[in-house]
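Asker: Here's the letter readout for the chains.
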Amino acid sequence: MNTQPNIKTDICIVGAGPVGLFAVFEAGLLKMRCHLIDVLPQVGGQLSEIYPRKPIYDIPGYPAIDAQDLVDNLMEQIAPFKPTFTLGERVEELRRQADGSYYVLTNEGTVVHAQVIVIAGGLGCFEPRKPELPGLAEFEGKGVTYMVRNPDDYAGKRIVIAGGGDSALDWTNHLADIAAEVTLVHRSDSFRGAPDMADRVFQLAQAGRIRLLLQSNLNSVSGNGALREVVVKDKQNKLTSIQADALIPLFGLSPKLGPIANWGLNVQASAIAVDTLDYSTGVERIYAIGDINTYPGKLKLILCGFHEAALMAQSAFKYVYPDQRLSFKYTTVNGINEF
Amino acid sequence: MTDDIIRIHVEHPDGLVRTLEVPDGVQLSLMEVLKASEYDILATCGGMALCATCHISVIDGMDSLGERTDEELDMLDTLPNADENSRLSCQIQLNRDLDGLKIKVLENK
Numbered sequence: 001m002n003t004q005p006n007i008k009t010d011i012c013i014v015g016a017g018p019v020g021l022f023a024v025f026e027a028g029l030l031k032m033r034c035h036l037i038d039v040l041p042q043v044g045g046q047l048s049e050i051y052p053r054k055p056i057y058d059i060p061g062y063p064a065i066d067a068q069d070l071v072d073n074l075m076e077q078i079a080p081f082k083p084t085f086t087l088g089e090r091v092e093e094l095r096r097q098a099d100g101s102y103y104v105l106t107n108e109g110t111v112v113h114a115q116v117i118v119i120a121g122g123l124g125c126f127e128p129r130k131p132e133l134p135g136l137a138e139f140e141g142k143g144v145t146y147m148v149r150n151p152d153d154y155a156g157k158r159i160v161i162a163g164g165g166d167s168a169l170d171w172t173n174h175l176a177d178i179a180a181e182v183t184l185v186h187r188s189d190s191f192r193g194a195p196d197m198a199d200r201v202f203q204l205a206q207a208g209r210i211r212l213l214l215q216s217n218l219n220s221v222s223g224n225g226a227l228r229e230v231v232v233k234d235k236q237n238k239l240t241s242i243q244a245d246a247l248i249p250l251f252g253l254s255p256k257l258g259p260i261a262n263w264g265l266n267v268q269a270s271a272i273a274v275d276t277l278d279y280s281t282g283v284e285r286i287y288a289i290g291d292i293n294t295y296p297g298k299l300k301l302i303l304c305g306f307h308e309a310a311l312m313a314q315s316a317f318k319y320v321y322p323d324q325r326l327s328f329k330y331t332t333v334n335g336i337n338e339f
Numbered sequence: 001m002t003d004d005i006i007r008i009h010v011e012h013p014d015g016l017v018r019t020l021e022v023p024d025g026v027q028l029s030l031m032e033v034l035k036a037s038e039y040d041i042l043a044t045c046g047g048m049a050l051c052a053t054c055h056i057s058v059i060d061g062m063d064s065l066g067e068r069t070d071e072e073l074d075m076l077d078t079l080p081n082a083d084e085n086s087r088l089s090c091q092i093q094l095n096r097d098l099d100g101l102k103i104k105v106l107e108n109k
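Protein chains in written order, with the numbering used here: chain A, 1 to 339; chain B, 1 to 109.
Simulated pairs of lysine-lysine, BS3-like, Cα-Cα distance not exceeding 30 Å: (1) A:Lys256 x A:Lys300; (2) B:Lys102 x A:Lys235; (3) B:Lys102 x A:Lys256; (4) A:Lys54 x A:Lys130; (5) A:Lys298 x A:Lys256; (6) A:Lys130 x A:Lys235; (7) A:Lys82 x A:Lys54; (8) B:Lys35 x A:Lys130; (9) A:Lys318 x A:Lys82; (10) B:Lys35 x A:Lys298; (11) A:Lys233 x A:Lys130; (12) A:Lys235 x B:Lys104; (13) B:Lys35 x A:Lys300; (14) B:Lys104 x A:Lys238; (15) A:Lys256 x A:Lys54; (16) B:Lys104 x A:Lys256; (17) A:Lys31 x A:Lys300; (18) A:Lys329 x A:Lys8; (19) A:Lys318 x A:Lys300; (20) A:Lys233 x B:Lys102; (21) A:Lys54 x B:Lys35; (22) A:Lys329 x A:Lys82; (23) A:Lys300 x A:Lys329; (24) A:Lys298 x A:Lys54; (25) A:Lys298 x A:Lys318; (26) B:Lys104 x A:Lys130; (27) A:Lys256 x A:Lys233; (28) A:Lys157 x A:Lys235; (29) B:Lys102 x A:Lys130; (30) A:Lys256 x A:Lys130; (31) A:Lys298 x A:Lys329; (32) B:Lys104 x A:Lys233; (33) A:Lys54 x A:Lys300; (34) A:Lys8 x A:Lys318; (35) A:Lys82 x A:Lys300; (36) A:Lys300 x B:Lys104; (37) A:Lys256 x B:Lys35.
Here are the computed distance ranges between Cβ atoms for each label pair: (38) A:Val231 x B:Asp60: 30 to 36 Å; (39) A:Ser190 x B:His9: 28 to 34 Å; (40) A:Asp153 x B:Thr19: 48 to 54 Å.
Just so you know, these hints were derived from the structure itself, not from any lab. Since we're looking at a predicted model, the values are computed, not measured. Ideal Cβ positions, reconstructed from N, Cα and C, are used throughout, including at glycine.
Between the sequences and the hints, there should be enough to build the whole structure, so can you do that?
Answerer: Written as structure tokens, this is what we have:
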């Protein structure tokens, strides 16, 4: 694996949720540049992924603000400090260098060279929810996939989609035109996704262009190196075998701590123990802020994460500018000095 | 006998049943009670029926629980292991009618 860094920065922030984003601001005031990495394809973390249109009532200065609006405002607030982003990639490894700095390696081969690491990973990585089927894992990448990256890969293939939400309906509709055969397996006999999408799926089924197996669940998978058969069980326990080249279970995303657990940090009940002096982890140059950390009295609130970001930045300064003395300045006095 | 304790029976994977006793009148959801009792429940979204990480299966007492909202049904639809006994525990507010409820906490795979 190529480990030459392709991005160089002062602080690499793992997680681009509200707290990771605000850390860019606090770092920027101290002239530290930031690069953010997030496994999701967009910034905002839980706020954008889970509850974009829910109002939040405990952000100081905002009697109420929609989660997505808070994310948009944070992006505007940090813009002067020119943060850079790697989105849709998962950080796999932190590799310490001889001079104390770190290489941050992602699953897609991105390597970020940073003086300081700030883990603002919230609840961990959002990963696809997987059905519990014996042997499913051995077909991952060999026919079983949890997201559609390139629809054209399915041209001429026999595919099974499982799930009843919007993404299952969308992809069934879309892939009906591309794949040789599409079977949609759904637990219930109705769909709660967008009604017009559901109607289209029922029409496709009536026209014989897709096969619809309702009140059914995935039961087993088998194959010879690559996936060949998917067995579905209906409410009456009747089994149906489907010859298939691909299985796409679409059951949404669920957070997992993921690789963070393997970085040699003090992890307690899926959270990283930190010193409240500066939210350092005990491993030099690595900090943890926001929902991912824990300490006596910890509250998982965005506003607490913002506070943690400010103290972290003050402490991280010594690694980025070892020869300089930090003097604290108010934004009301100094304004924002953009990069 | 009437008293002011609500009893919730929780069946563990090994078949053992533990009874949680909660004073009537506490303003808690079943998710919060389970979390406080150290069950392995993430409850990522904190109780908004938006993450489905507080999934339970009702063994006995479904009728005492009231209707599922659209939000809850939408979310249950995303779970591979949901069935007609499934509920999101964050959407169940504790009250006297729940006394004697028997449930199973489902793992979030």
